[in-house]
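Engineer: Please model the entire structure based on the sequences and the hints provided.
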Amino acid sequence: MAKDFTTRAEDFSKWYNELVIKADLAQNSDVRGCMVIKPYGYSIWESMQSELDRMFKETGHSNAYFPLLIPKSYLSKEADHVDGFAKECAVVTHYRLKNNDEGDGVVVDPEAKLEEELIIRPTSETIIWNTYKGWIQSHRDLPILINQWANVMRWEMRTRIFLRTSEFLWQEGHTAHATKDEAVEETKLMLDVYADFAENFMAVPVIKGGKTENERFPGALDTYCIEALMQDGKALQAGTSHFLGQKFSETFDVKFTDKDGKLKHVWASSWGVSTRLMGALIMSHSDDEGLVVPPKLAPVQVVIVPIYKGEEQLKSISDKLSPIIQGLKKIGIRVKFDNRDNQRPGWKFAQYEFQGVPVRLALGKRDLENGVIEVARRDNKSKETVAFDAVVEHVAQLLEEIQINLFNRAKKYRDEHISEVNSYEEFKEVLKNKGGFVSAHWDGTTETELKIKEETSATIRCIPLENTQESGVCIYSGKPSEQRVLFAKAY
Numbered sequence: 352m353a354k355d356f357t358t359r360a361e362d363f364s365k366w367y368n369e370l371v372i373k374a375d376l377a378q379n380s381d382v383r384g385c386m387v388i389k390p391y392g393y394s395i396w397e398s399m400q401s402e403l404d405r406m407f408k409e410t411g412h413s414n415a416y417f418p419l420l421i422p423k424s425y426l427s428k429e430a431d432h433v434d435g436f437a438k439e440c441a442v443v444t445h446y447r448l449k450n451n452d453e454g455d456g457v458v459v460d461p462e463a464k465l466e467e468e469l470i471i472r473p474t475s476e477t478i479i480w481n482t483y484k485g486w487i488q489s490h491r492d493l494p495i496l497i498n499q500w501a502n503v504m505r506w507e508m509r510t511r512i513f514l515r516t517s518e519f520l521w522q523e524g525h526t527a528h529a530t531k532d533e534a535v536e537e538t539k540l541m542l543d544v545y546a547d548f549a550e551n552f553m554a555v556p557v558i559k560g561g562k563t564e565n566e567r568f569p570g571a572l573d574t575y576c577i578e579a580l581m582q583d584g585k586a587l588q589a590g591t592s593h594f595l596g597q598k599f600s601e602t603f604d605v606k607f608t609d610k611d612g613k614l615k616h617v618w619a620s621s622w623g624v625s626t627r628l629m630g631a632l633i634m635s636h637s638d639d640e641g642l643v644v645p646p647k648l649a650p651v652q653v654v655i656v657p658i659y660k661g662e663e664q665l666k667s668i669s670d671k672l673s674p675i676i677q678g679l680k681k682i683g684i685r686v687k688f689d690n691r692d693n694q695r696p697g698w699k700f701a702q703y704e705f706q707g708v709p710v711r712l713a714l715g716k717r718d719l720e721n722g723v724i725e726v727a728r729r730d731n732k733s734k735e736t737v738a739f740d741a742v743v744e745h746v747a748q749l750l751e752e753i754q755i756n757l758f759n760r761a762k763k764y765r766d767e768h769i770s771e772v773n774s775y776e777e778f779k780e781v782l783k784n785k786g787g788f789v790s791a792h793w794d795g796t797t798e799t800e801l802k803i804k805e806e807t808s809a810t811i812r813c814i815p816l817e818n819t820q821e822s823g824v825c826i827y828s829g830k831p832s833e834q835r836v837l838f839a840k841a842y
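Just so we're aligned: the sequence shown equals residues 352 to 842 in the working numbering.
The hints are simulated quantities; they were obtained by calculation from the structure and are not laboratory data. Hints are supplied without guarantee of correctness; some may be wrong.
Taking lysine to aspartate or glutamate pairs in the EDC-like style, the calculated list, with each CA pair at most 20 Å apart, reads [stated by the list, open to error]: (1) Lys734 to Asp638; (2) Lys598 to Asp532; (3) Lys531 to Glu601; (4) Lys428 to Glu467.
In this text the structure is predicted, and so the values were computed from the model without any measurement.
Structural biologist: Structure representation (structure tokens):
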């Protein structure tokens, strides 16, 4: 499958696009800017979804669902919010079609114009806070900790599968609280949940930080993010959590009576990750032989390929493998036994390697006679033979090792690509020749931030939460600065 496959060094962007298609993850749709997520790609997304959903529920959240269509007037109520999304909104204006006069197609029925246009949700703050108004009267109704798994639409002119599409899948959390401190605590808690998931399940190291005023979510008082570094030296925002203050509760008049009988506006947070995480996983770990999937998220963690001639050999091999398969399943390992007779073993090896299955077991007549199984790992392509009675334990340990190895490998690359600079010339030199995160002083103004972006295409990815105070001068303006920020070119 890797034949005629572009390498990362040749063209990283082309490598990514080819990998998505050849690994059977997704394809472009006939609807411009949209994608079809194919079964194998969707199964990886389901693994992500399952783990995140478990983490959300363990932190006290419940799932709900809100409408896809939002009245235009709702978006008009919050000025910053509408400004942030106005250019990306898809608008529904009519509710009916009719046959055209020629009888060979349909047209929009001009008599079916909606009294008020509806917006296909770019995000759900407005309709959710309009709903919360009916749910919240007293402090006893708080907190509300709701998550929604949904699709959203943000009209994009330049798209790339998983990374930036007009329609994408995501989850969006929307919480309501009695106090500012509770809402801020929730915002930071969910950032920690995202970082935990990225590092311990995706094996992607991230930096937690705050966004600048220019990069905040429209309508938020503070936006926090996790930033990851891809193998081409570009950053990718992997998740965001927003402290919304009382903006949306004031806009939609959501009030509660506190313990002292006083009427107050509710405090809010929102947070989300999307199928963009699929792009992060692909670009963090995959290689010139195809996809690499961390074991914790792999739909198939172990594939077993028998090598046989005739039904008799297949039966002997299958009988020997049966207790091994059951043993692996018993300890929660996801196993696939591929005994198809319409493809040769070599073809199967290539397929599963390209699709990133973490561990492959192979058993032929000679292995059967010797009492061993060939074990191959995808991350470093090493092979070994293991005795039948040791395979289950060995594979379980191997999956843990692969998960750790992928994280350490990505972290080593990330750490080697964080460069500290003290001048604008050095800043531009690092961006041009090395890439990655560039740690530099910034004067705190949007004007400087935008000028650097205009001249270099680099943006401030975050102000790291672990930052320490450090007096210096801005690399661009020369004005005083009290801390460094992380710049990078980004997806």
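Engineer: Which hint numbers does the structure go against, in order from smallest to largest?
Structural biologist: The structure breaks none of the hints.
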